[in-house]
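S.K.: The chain contents come next:
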Amino acid sequence: MAEKHPDELELLSYVEEELIADERRDVVEHLVACRACAESVRRLEAGRDTLRASPLLELPEERRRETIAGLPERRDAWRPFRPVRRAILVAAPVAAAAAFVGVFVLAATQFGGGGDADDGAGEAAQVAEDDAGGGAELDRAEGADTSVQTMTQQGVLIRSVAGPPTEVVRVLRREGIPAEVVEGAVVAEAPAGEVRAALAGRDPGPVEVYLAQ
Amino acid sequence: MDPDELLVRRAQRGERFAFDKLVERHEQRLYTLAARVLGSRDDAADAVQDALVRAWLALPKFRGDARFSTWLYRITVNAAHDARAKRRDPPVEEPPDPVDPRDRFAERELSGELQRALNALDESYRVAVVLYDVLGCSYAEIAELTEVPEGTVKSRIFRGRSELAERLGTPAESTESNP
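In order, the protein sequences belong to chains A and B.
With my numbering applied, the first sequence covers 1 to 213.
With my numbering applied, the second sequence covers 1 to 179.
I should point out that these hints are in silico values taken from the structure, not numbers from a laboratory.
Predicted model only: the values in this text are computed from it and were never measured.
Just so you know, even glycine gets a beta-carbon here, dropped at the ideal spot from N, CA and C.
Hints are supplied without guarantee of correctness; some may be wrong.
Some chain A residues judged to face chain B by a derived CB distance under 8 Å, without partners named [said to hold, decoys possible]:
# : residue
1 : H30
2 : A46
3 : S54
Produce the entire structure from the sequences given, and follow the hints as far as they go.
M.R.: This is how it looks when you write it as structure tokens:
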């Protein structure tokens with residue numbers, strides 16, 4: 001029997017074929033002469049083979065459904081139009097303020113106000129309108145789907161494809177992309193590239209697909 | 001790159017749909033891990049359920065330092081450990097007639113000789129061999145998720161496999177390798 005037994009880590013490395021050639025040769029030489037170490041190696045291999053032959057087990061479908069359905073609400077949970085709503089909430093008061101200042105300026109002009117005060121109010125109105133951005137225009141878009149309008153102004157229309165919208169939603173969801181129909185358009189929550197890729201095989205058409213931001 | 005990265009980012013934003021997809025990808029491995037550690041279908045399903053709820057709630061804090069799967073295994077090992085700690089009695093006999101055929105399969109597997117031998121191992125050995133040999137995790141991943149050095153992981157695998165083989169009976173000694 002060789003003088004020094006390999007330690008358990010060396011034997012495991014031998015079984016896992018992780019030793020370099022010289023180390024492996026030394027262990028092999030030792031195993032030929034040492035029944036105890038050879039027995040250790042046999043047990044390691046037998047344990048490994050039994051475990052690796054054991055199959056993966058399936059979580060019962062019912063338990064899986066229960067788990068997903070029972071997930072608690074998280075504070076940061078996804079709300080598809082939250083940013084759009086926020087934009088409208090910010091834009092509306094600013095637009096109202098702009099309108100108020102505009103009326104004030106008009107009245108001041110008509111009733112003889114002027115000079116520096118006039119210029120200042122004009123600038124303020126311009127700034128307010130600039131701040132309102134899409135929101136001010138949004139207020140003028142009569143009867144339009146506000147959320148989609150806002151997103152259009154933000155440049156997140158991805159594609160126009162053949163409908164119906166519910167079918168487009170199904171296609172996106174199949175690819176793991178959350179999507180919803182909103183006023184005849186489709187709003188998807190995913191990077192633009194993924195949405196485009198998911199719809200690559202779809203013909204052009206009237207259904208507009210937007211990204212929720 | 002972690003293959004789950006994209007879905008993880010979406011799930012971190014709160015998309016249940018993305019989380020559902022992640023669960024679909026990993027449930028089989030999580031269930032196998034819990035079932036092999038606990039030796040009971042029902043306890044394993046409870047532990048996985050618990051682990052997934054924990055993962056969902058903790059997801060915003062997941063920074064991606066480890067692979068998502070490693071992180072999930074870690075949560076599942078902890079959930080299984082907690083379930084075992086709560087369970088005072090040894091695994092009970094499960095009802096004999098589950099409806100789902102996959103349940104029957106799992107039951108057969110978990111009432112078999114291998115599972116009995118696994119149940120007899122120290123929990124740390126059992127976790128190590130299941131992660132390494134059944135789920136194919138690396139030493140480094142196991143070290144990370146069990147919070148021990150890689151050398152300890154190797155030692156646990158060595159001892160776990162050896163004890164398991166001893167309990168199951170090793171194949172007959174070959175005279176060729178030991179003249």
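S.K.: Could you run down the list of hints and mark each one as holding or not?
M.R.: Outcome of the hint check:
1. H30: Given a least distance of 12 Å, the restraint on H30 (chain A) is violated.
2. A46: holds, 4 Å
3. S54: This hint holds: S54 (chain A) lies near chain B, its Cβ roughly 6 Å from the closest one there, short of 8 Å.
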